[in-house]
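Number of protein chains: 2
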Amino acid sequence: MHGHEIKVTFQPSGRSVYVLPGTVLLEAAGRAGVILQTPCGGKGNCGKCRVRLVDAPSDPTPASVGTLSEGQIAEGYRLACCTLVDAPLVVEVPPESTFESQQQILTADSGAEVEIAPLVHKRCFELSPPSSEDARADLVRLQAALGDIRVSPALMREVPTFLRENAWKGTAVLSNHHLVSLEPGDTTGDGYGVAVDLGSTTVVGKLFDLVSGRECGVASQINPQVTFGDDVISRIMHVRENEDGLAALQAAVVECLNTIVQDLVAQAEIEAEEVYEIVLAGNSTMQQILCGYDPSALGEVPFVQAFEQAQILAASDLGLTVNAAAEVYVFPQIGSFVGGDTVAGMVAARLDRWDEPVLFVDIGTNGEIVLAKGDQLLATSTAAGPAFEGARIRQGMRAAAGAIEKVIISDDVSINVIGDAPPAGLCGTALIDAVADLLRVGIIDETGRILPVEELPAGVPDALQAQLITEGDETRFVLASAEEAAGDEAICLWQKDVRELQLATGAVRAGIQIMLRRVGVEPEAIHRVLLAGAFGNFIRRSNARRIGLLPQIAGDRIRFIGNAASLGAKLVLLSDSERAYAARLQEQAEHIDLSLDPEFQMEFGMAMIFPAADIDVCKD
Amino acid sequence: MHGHEIKVTFQPSGRSVYVLPGTVLLEAAGRAGVILQTPCGGKGNCGKCRVRLVDAPSDPTPASVGTLSEGQIAEGYRLACCTLVDAPLVVEVPPESTFESQQQILTADSGAEVEIAPLVHKRCFELSPPSSEDARADLVRLQAALGDIRVSPALMREVPTFLRENAWKGTAVLSNHHLVSLEPGDTTGDGYGVAVDLGSTTVVGKLFDLVSGRECGVASQINPQVTFGDDVISRIMHVRENEDGLAALQAAVVECLNTIVQDLVAQAEIEAEEVYEIVLAGNSTMQQILCGYDPSALGEVPFVQAFEQAQILAASDLGLTVNAAAEVYVFPQIGSFVGGDTVAGMVAARLDRWDEPVLFVDIGTNGEIVLAKGDQLLATSTAAGPAFEGARIRQGMRAAAGAIEKVIISDDVSINVIGDAPPAGLCGTALIDAVADLLRVGIIDETGRILPVEELPAGVPDALQAQLITEGDETRFVLASAEEAAGDEAICLWQKDVRELQLATGAVRAGIQIMLRRVGVEPEAIHRVLLAGAFGNFIRRSNARRIGLLPQIAGDRIRFIGNAASLGAKLVLLSDSERAYAARLQEQAEHIDLSLDPEFQMEFGMAMIFPAADIDVCKD
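For the record, the sequence lines run as chains F and G. In case it helps, my numbering puts the first sequence at residues 1 to 620. In case it helps, my numbering puts the second sequence at residues 1 to 620.
Just chain F, with the same shape it has in the complex:
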């Protein structure tokens, strides 16, 4: 039952994924990190998710045609929401079809609306040389050309010599009325910045041309801090227990960033010297370690972070090998577990600008939830638990090669495995898939119990009944037989796994409930659920809703917004006004500590009961 995967490649990014035959192209795109616009909810009505298939079949299915003209169809255009993958595909994604363009803030090469106004910018100048009649001080002369800029003593040491050796002209690199550096000649065309998604596990950097806004490269590295522990708590413990623990963790991530920068500048064929700015978004622990601020207080009650407002550091102070004058911007933080990555996501989602209530959800080890009702913003985090990352699941694993990442259970069981490998375990998305479908077919009841064969309701297909194994009073469901599996053992969904999922789901759901109640919004009134982050990208919306992880609202109101933290970092990098916006959002947000809410325990208990039934069936 281990289906053959089909390769789908997206251009211009060149990213590829392998998916089961019959997968909706929209979902395949999402898994590749290509987030398409779906204002109609993927119903084929709006035509916004238009892509072009290279070597498209000459006879498209009627559904995949949707709102397209005949000419467009002949050129290979299809709607991603209505196209099923049944053969290897190369897909061209027009910039206007991506989610980012929906935000009206995209880069120049997209052709979409652009506002490129980075904090760091350059100005070419040419001064009249001094004479007896005009013997103004060097700095006064420079200020007359560049405005009332401030110049550090370190840079002032270069000014007199620079001006005289370069015939009183050159290019000034400016940042917020500060002179950052002076460069000979006209270099206004060269200037780069890096936006970094600083994850506990993975660090992703993107290189941008600060003049055009164009993305010039992507590079990622495993966060080398994983050798000090998988999660933030183990890293905080390392800091607490080792005198040089903080320094070691900081050095590790700095080295990682330097590797990423080297990779990026090699891709773009530029010098690291041309990188003038780095914008970083990470959780509070990652951000504090990078800054060198002791994160110990983040690891124990009452969980206190060091700062709230954005931190500006000198790249040279951190040991980053970019331009000596480059700045590092670290995002503002809302709380110990609602960090800079969440604020960056809020920036990307324009979270205070929706007319109706919107829920922003980023699910990982922690589930960060932000509820926006007009400009009222409530933010919290729930200990979603490690279940979504495959931990504490008996045969769980991370979303790596060999992991079952997708499960479809109807008449039969169908699975998809990451990479060209036999299944070795299941990751978070498969766990959600399996439980949701077993709820649908009646094998798992509302309380989360996997029913033994004798207690099953009528109509459960024989093929599924055959997968049930009962020992004592516990039943498990076989997803892959011992023959199929990588080891000697069948890969099963165990009763305890369902309990872990109930805990994780219940925490998120209770958090959402309490936030909704605080602002007086019914779940049905939620206009959009915006799913951010890598995990959010991969889950099936209908299944997440079936198990109660997401509110019981129509599927077309649930949207994937991709790596919102990375997008937010990019926005701040490319536009000064986005910094002010990030600061505003941080200030506006009210941090809710769920553990202090008297209703949380009861809500949590209630939320562990699965919803009675689906409200609709959406396509993913």
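Where hints are given, some of them may not hold.
[Stated by the list, open to error] Where chain F lies over chain G, by a calculated footprint (3+ residues, C-beta under 8 Å):
1) 135–149
2) 159–169
3) 293–300
4) 310–321
5) 325–338
6) 591–605
[To be verified] Beta-carbon label-pair distances, calculated as ranges:
7) F/V301 <-> G/Q588: 56 to 62 Å
8) G/E241 <-> F/N166: 18 to 24 Å
9) G/G147 <-> F/S220: 38 to 44 Å
10) F/V211 <-> G/T227: 47 to 53 Å
11) G/G147 <-> F/H527: 39 to 45 Å
12) G/E489 <-> F/S131: 46 to 52 Å
13) F/P129 <-> G/E165: 52 to 58 Å
14) G/E241 <-> F/G189: 36 to 42 Å
15) F/E133 <-> G/A251: 34 to 40 Å
16) F/A583 <-> G/E165: 26 to 32 Å
17) F/T188 <-> G/S128: 49 to 55 Å
18) G/C124 <-> F/G319: 32 to 38 Å
19) F/P129 <-> G/E243: 22 to 28 Å
20) F/A87 <-> G/R150: 58 to 64 Å
Since the hints were made in silico from the structure, they are not lab data. Quick reminder that beta carbons are idealized off the backbone N, C-alpha and C, glycines included.
Could you slot chain G onto chain F? The hints should help.
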């Protein structure tokens, strides 16, 4: 004729000088750096220069009593302007009699009006520890207590640990809304600053308690840069001709400042760590070298300085061994030869606050002149030439041991020599004295020629005629015979010396003339001439006026204001508002380049003719 010197000691400063018998006590005080108030011009009318003589003679001369009551006389009080020194004295100077008190800005221990509000200040704080109910970020908690302070990343690295190790309380050192450092306990009582007069030859530092404003020590050092050349031009040449020249000069002065700081903290029995601020005033070259800004352009046409506005540097950046977070303030500059020391002097003299025109004059190798008419300020410098410092004078020397520093010529010649030594040469003040008195007795004519005996007018005393030696068509005047002198040679005033003095004097006088004409003020309308600087302190006003160095105005309008640069540095150190005042004065001042004035050459030529006669005879 080498008179026996008499020691006069002034309290509370403890400074001593040796003076000729018959010297006015007011002058002796000035030479000791104790500048007394003399609003009446030293005529015995105002009583402001009141001092108390320890072991005063029971029968004071009537003149020395002046405006004093019988009780005061019995206690030993005398008027310094009317008291002649004829025996060793210990003099107590009441704070209200000093010039500084006239400025209404004196230190707390003077009892005079005080405004102590230094930029660097401390605040004790005690925060409520975080709890689940109040888990604000560390920085937010600190800001709630201290206001919206900014904290550098370097200091933020200490904040979380400091707060937890010190039970959430301590003392914050603040500067201009920046947190400078955190100290355990309540250290609001401890905090010091150093005001530095950064001269080309001598560097003087004064230590002040930033809480009380009290002066806690004085230390001085020869500027070690003298090994690279005596004057600023030779130091600039050293920078231009040696690749590491600037670094070497900078290192030398930094080491000198560190020695001064060590001396000061030892005097006050404090730690160098407790010094949080250094304020420096020097000429443009000295200031730029200290900052590390290449001074080369100050040494050639069109003479361009690097900056105008005050520079703020980190003491640690310069390598100064004070508190790691201490700041160094370097005064604003008006022009290449009207530097921070002049601006500091303008601050001390409150130069824009006089109702009538005031002339500020600081004479050294350069003569800096500032003319104030209301808030109109014209500033210039003249190449007064090295004559005033004893250079280019055939038997000239600096004002060091063995230098004739005072000459009185009437019926006979009387000289005073610095230190207990035979005369070895003459310094600038003696040069002025000799020429002024020889003009008075008719031995030098208006054109500056030393007349041979046969051309003398009638009535020149024989004793003086005997001092004239004529060789060829040049005549010289013997000040000390070969027998009296340190070497085998008599010490003489040579014809060439008079010419040098005419050049130096003419430059200053022409500068003053041109400035007066620009603002439409007649010399007689000058309300005050304020003589600043070490040299200004030592010259005899009447003699300076006789040779035309100062305008022909009544002696009581000519005032010594002491080391105005040092006083200005102190003011800026003790009061934040004085920084803004210094910036305002710098901005208000119009820099006049005399070399560009078409009338300068003619004025200069005319100014070399000595004035016809004295307008009055004043006491000094």
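Structure-based check of each hint:
no.	hint	in the structure
1	135–149	holds (count 6)
2	159–169	holds (count 4)
3	293–300	holds (count 4)
4	310–321	holds (count 5)
5	325–338	holds (count 3)
6	591–605	holds (count 3)
7	F/V301 <-> G/Q588: 56 to 62 Å	holds (59 Å)
8	G/E241 <-> F/N166: 18 to 24 Å	holds (22 Å)
9	G/G147 <-> F/S220: 38 to 44 Å	holds (42 Å)
10	F/V211 <-> G/T227: 47 to 53 Å	holds (51 Å)
11	G/G147 <-> F/H527: 39 to 45 Å	holds (41 Å)
12	G/E489 <-> F/S131: 46 to 52 Å	holds (49 Å)
13	F/P129 <-> G/E165: 52 to 58 Å	holds (57 Å)
14	G/E241 <-> F/G189: 36 to 42 Å	holds (39 Å)
15	F/E133 <-> G/A251: 34 to 40 Å	holds (37 Å)
16	F/A583 <-> G/E165: 26 to 32 Å	holds (31 Å)
17	F/T188 <-> G/S128: 49 to 55 Å	holds (51 Å)
18	G/C124 <-> F/G319: 32 to 38 Å	holds (36 Å)
19	F/P129 <-> G/E243: 22 to 28 Å	holds (24 Å)
20	F/A87 <-> G/R150: 58 to 64 Å	holds (60 Å)
Every hint, counting from the list given before, is met by this structure.
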